[in-house]
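Taken in order, these protein sequences are the chains called S and A. Residue 157 in my numbering sits at position 157 of the first sequence, with consecutive numbering throughout. In my numbering, each residue's number is its place in the second sequence (first place is 1) plus 400.
Just so you know, not all the hints are guaranteed correct.
SDA-like, lysine to any residue: derived pairs with alpha carbons at most 25 Å apart [stated by the list, open to error]:
id	chain 1	residue 1	chain 2	residue 2
1	S	K58	A	D682
2	S	K17	A	K490
3	S	K58	A	K453
4	S	K31	A	Y462
5	S	K58	A	K689
Far from chain A, some chain S residues (derived; all Cβ distances over 12 Å) [unchecked claim]:
id	residue
6	K17
7	K77
8	S124
9	E184
10	R227
11	N304
12	K382
No lab work stands behind these hints, which were simulated from the structure alone. Backbone N, C-alpha and C fix where the C-beta goes; we use that ideal spot for every residue, glycine too.
Chain by chain, the residues run as shown.
There are 2 protein chains.
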Amino acid sequence: MNISQRVQEIPYSAIRKLTPYADEAKAKGKKVYHLNIGAPDTKTPEEFFYAIKNLDMKTLSYAPSIGVKELREQTAKYYKNKGIDFDSDKEIIITAGASEALLFAIIAVSEIGERILTCNPFYSNYYTIFRECGIKPQTFDTTVEDGYRLPDYETIKASVTEQTAAILISNPSNPTGAVYTEDEIRRLVRVAVEEDLYIIADEVYREFVFDGAKFKSFAEIEGIEDRLILLDSISKRFGACGARIGSIACKNKELMASFVKLATARLAVATVEQIGATQLYDVSEEYFKEVNEEYQRRRDCIYNELSKIDGVKIYKPEGAFYIMPQLPIEDAEDFAKWMLTDFDVDGETVMIAPGFGFYHNSEVGRNQARLAFVLNVEDLKKAIKILGLGLEKYKKLKNL
Amino acid sequence: MNISQRVQEIPYSAIRKLTPYADEAKAKGKKVYHLNIGAPDTKTPEEFFYAIKNLDMKTLSYAPSIGVKELREQTAKYYKNKGIDFDSDKEIIITAGASEALLFAIIAVSEIGERILTCNPFYSNYYTIFRECGIKPQTFDTTVEDGYRLPDYETIKASVTEQTAAILISNPSNPTGAVYTEDEIRRLVRVAVEEDLYIIADEVYREFVFDGAKFKSFAEIEGIEDRLILLDSISKRFGACGARIGSIACKNKELMASFVKLATARLAVATVEQIGATQLYDVSEEYFKEVNEEYQRRRDCIYNELSKIDGVKIYKPEGAFYIMPQLPIEDAEDFAKWMLTDFDVDGETVMIAPGFGFYHNSEVGRNQARLAFVLNVEDLKKAIKILGLGLEKYKKLKNL
Numbered sequence: 001m002n003i004s005q006r007v008q009e010i011p012y013s014a015i016r017k018l019t020p021y022a023d024e025a026k027a028k029g030k031k032v033y034h035l036n037i038g039a040p041d042t043k044t045p046e047e048f049f050y051a052i053k054n055l056d057m058k059t060l061s062y063a064p065s066i067g068v069k070e071l072r073e074q075t076a077k078y079y080k081n082k083g084i085d086f087d088s089d090k091e092i093i094i095t096a097g098a099s100e101a102l103l104f105a106i107i108a109v110s111e112i113g114e115r116i117l118t119c120n121p122f123y124s125n126y127y128t129i130f131r132e133c134g135i136k137p138q139t140f141d142t143t144v145e146d147g148y149r150l151p152d153y154e155t156i157k158a159s160v161t162e163q164t165a166a167i168l169i170s171n172p173s174n175p176t177g178a179v180y181t182e183d184e185i186r187r188l189v190r191v192a193v194e195e196d197l198y199i200i201a202d203e204v205y206r207e208f209v210f211d212g213a214k215f216k217s218f219a220e221i222e223g224i225e226d227r228l229i230l231l232d233s234i235s236k237r238f239g240a241c242g243a244r245i246g247s248i249a250c251k252n253k254e255l256m257a258s259f260v261k262l263a264t265a266r267l268a269v270a271t272v273e274q275i276g277a278t279q280l281y282d283v284s285e286e287y288f289k290e291v292n293e294e295y296q297r298r299r300d301c302i303y304n305e306l307s308k309i310d311g312v313k314i315y316k317p318e319g320a321f322y323i324m325p326q327l328p329i330e331d332a333e334d335f336a337k338w339m340l341t342d343f344d345v346d347g348e349t350v351m352i353a354p355g356f357g358f359y360h361n362s363e364v365g366r367n368q369a370r371l372a373f374v375l376n377v378e379d380l381k382k383a384i385k386i387l388g389l390g391l392e393k394y395k396k397l398k399n400l
Numbered sequence: 401m402n403i404s405q406r407v408q409e410i411p412y413s414a415i416r417k418l419t420p421y422a423d424e425a426k427a428k429g430k431k432v433y434h435l436n437i438g439a440p441d442t443k444t445p446e447e448f449f450y451a452i453k454n455l456d457m458k459t460l461s462y463a464p465s466i467g468v469k470e471l472r473e474q475t476a477k478y479y480k481n482k483g484i485d486f487d488s489d490k491e492i493i494i495t496a497g498a499s500e501a502l503l504f505a506i507i508a509v510s511e512i513g514e515r516i517l518t519c520n521p522f523y524s525n526y527y528t529i530f531r532e533c534g535i536k537p538q539t540f541d542t543t544v545e546d547g548y549r550l551p552d553y554e555t556i557k558a559s560v561t562e563q564t565a566a567i568l569i570s571n572p573s574n575p576t577g578a579v580y581t582e583d584e585i586r587r588l589v590r591v592a593v594e595e596d597l598y599i600i601a602d603e604v605y606r607e608f609v610f611d612g613a614k615f616k617s618f619a620e621i622e623g624i625e626d627r628l629i630l631l632d633s634i635s636k637r638f639g640a641c642g643a644r645i646g647s648i649a650c651k652n653k654e655l656m657a658s659f660v661k662l663a664t665a666r667l668a669v670a671t672v673e674q675i676g677a678t679q680l681y682d683v684s685e686e687y688f689k690e691v692n693e694e695y696q697r698r699r700d701c702i703y704n705e706l707s708k709i710d711g712v713k714i715y716k717p718e719g720a721f722y723i724m725p726q727l728p729i730e731d732a733e734d735f736a737k738w739m740l741t742d743f744d745v746d747g748e749t750v751m752i753a754p755g756f757g758f759y760h761n762s763e764v765g766r767n768q769a770r771l772a773f774v775l776n777v778e779d780l781k782k783a784i785k786i787l788g789l790g791l792e793k794y795k796k797l798k799n800l
């Protein structure tokens, strides 16, 4: 009786592994500012709660395996407003968050032992889902020096091997906040077409793009209808992470038939949350605008505050709500732990996600950290100030 | 660009594959009695709806990855009342239905290419989940002739190979309704201990045991704490299938650490449904008694009505809400389809799940069907009458 190799190879979550130390700090009365996890504090639109408070239901039955019809229609309508066409009955399936959508995508496109190509750094939970499915990542590098832009066509192309089944990309990027330009997207598309690869596009942060920039979805690129799998989620878009409602959209009929098989096996996604989520799409454009503006203020704040800290290498993230700076230390995990166990400013400290867990076969992340700017500007300012003081003290302690 | 072999090998759900024909029949105005799917019509206790209607929440945040604390406590309390001890903080994780609990169990205990031992027939969605995880089933047979009792120790023992990682059993059984005696359970336990296998026990139908029989849980057997993984769900127990709330309980620390990794990667289970589910466990014992009595009436009804049909081979299921009779025809799938497309009695017909999909490497199921007795007694009586008339006509048509 053993624990399977594939599970043993899964590290503890980069985002949550220090949680026990945070819990301990809190138990001792410390206040902990959480920059480690991308859980937005924005209010969920009241439409969600209104819908579930007005439920008239006697038996909480299974929803259809592919999702509640009205929610699929709302999702299609949302895309249509963006100029993207998906048929709500045949090309969209509701999933338990984008996590399940990714699980379905990987199982359907990859054989055991194959590889999914993505960029370093990448969302750490991808790795766990890869290992669950018996596959491994393959990566090309992006760097903090140029704000994690994608490398040139030749570099991406050279990273494809016989084993590559698909390219997976998160855009806007978790963990870096990079928003890829149309040119960058077309670089990936060119490689995918030339090498005959699927494209799995994780666009859950699509509403979080700053400075008035226009987000370019993979679904707007012509000629890749058969190879594109679009993952999405209401979690960040509507500050509704707890609903666990995502979706998978795809025009490839065979793939969709595969996703239906996988959706059928787990029977359905939670009914009540789907009913609530259906109403979310009725919020006004004003809602998105306000949320977007709030996150842009936070982005500006974290960028400005981090700029003031000596030795921190940063860039200006254009989207999502993450920044992945390089810190003037050697081991960000040790530092992150120390911040929780040994440091505070007037009883307050900060929790960050060490960068190492967002990289595959790379040491670059050792002195990096992912910071989620999911706090209001005032708290964020305080948190980064504490981080700066922490860095100063830690550097002295380590003679850095 | 291909669809992966593992997904190609997944058949369309035995339970739902004829749904398009049922939809067509309904579109033509036919009434279809659904005996194909185990979706109970019993009312969800009001406690669930009351809890979610009284939600006071601004932001629908992620629940903890291992589940809402109160729900874990309620689950532990439920077990404690049955004389089963699980620590709510360390030995129980809330999952998206028992389906996800099974997914976690399989990924954690099996290497790619290994086998899970179960009995023929088995719940057809097991197969899909096996294939998702890169493993295959291995089976020993049970037969309609003796009401699907487990075979003797030697037969079970002989079915274990080098590749076997675990024994998976559903008790009470989906699809047969068999409830295994303590002796049968100990037979499996003996093999598991001798061969050093995990035991994955799917006990979601534990409240559906008839004729006053006492249900024996694997968790009541001493000496297997380290190898037992208990899957459970509120779906059938509380007529709350749509909540997608299940759990995995286990005393093996290493396994639990593995499940936590897997739970963390998918972030959380739906928050609102967990809040509702927490309240369900406050229903009175009377609730279980009433539901149980109702299903016993239905079991009696379907048994009696099927007994009247010429050539149908049956037995008395002791639990769950399924019966798996042998029909006096050659191809139950063709018959099931024909019932939807070509047959009705005064505009009414019946949908059944063909038996073949519940078997691995066996033709035995070809003339069997799984019937779920999830209709009230009156409808059930009508449905089985229609089934009998259908069989009569179909037999003539096929010269049987």
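Comparing the hints with the structure gives:
no.	hint	in the structure
1	S:K58 / A:D682	holds, 18 Å
2	S:K17 / A:K490	holds, 16 Å
3	S:K58 / A:K453	holds, 14 Å
4	S:K31 / A:Y462	holds, 20 Å
5	S:K58 / A:K689	holds, 19 Å
6	K17	violated, 9 Å
7	K77	holds, 21 Å
8	S124	violated, 9 Å
9	E184	holds, 22 Å
10	R227	violated, 6 Å
11	N304	holds, 26 Å
12	K382	holds, 20 Å
Checked against the numbered hints above, the structure violates hints 6, 8, 10; every other hint is satisfied.
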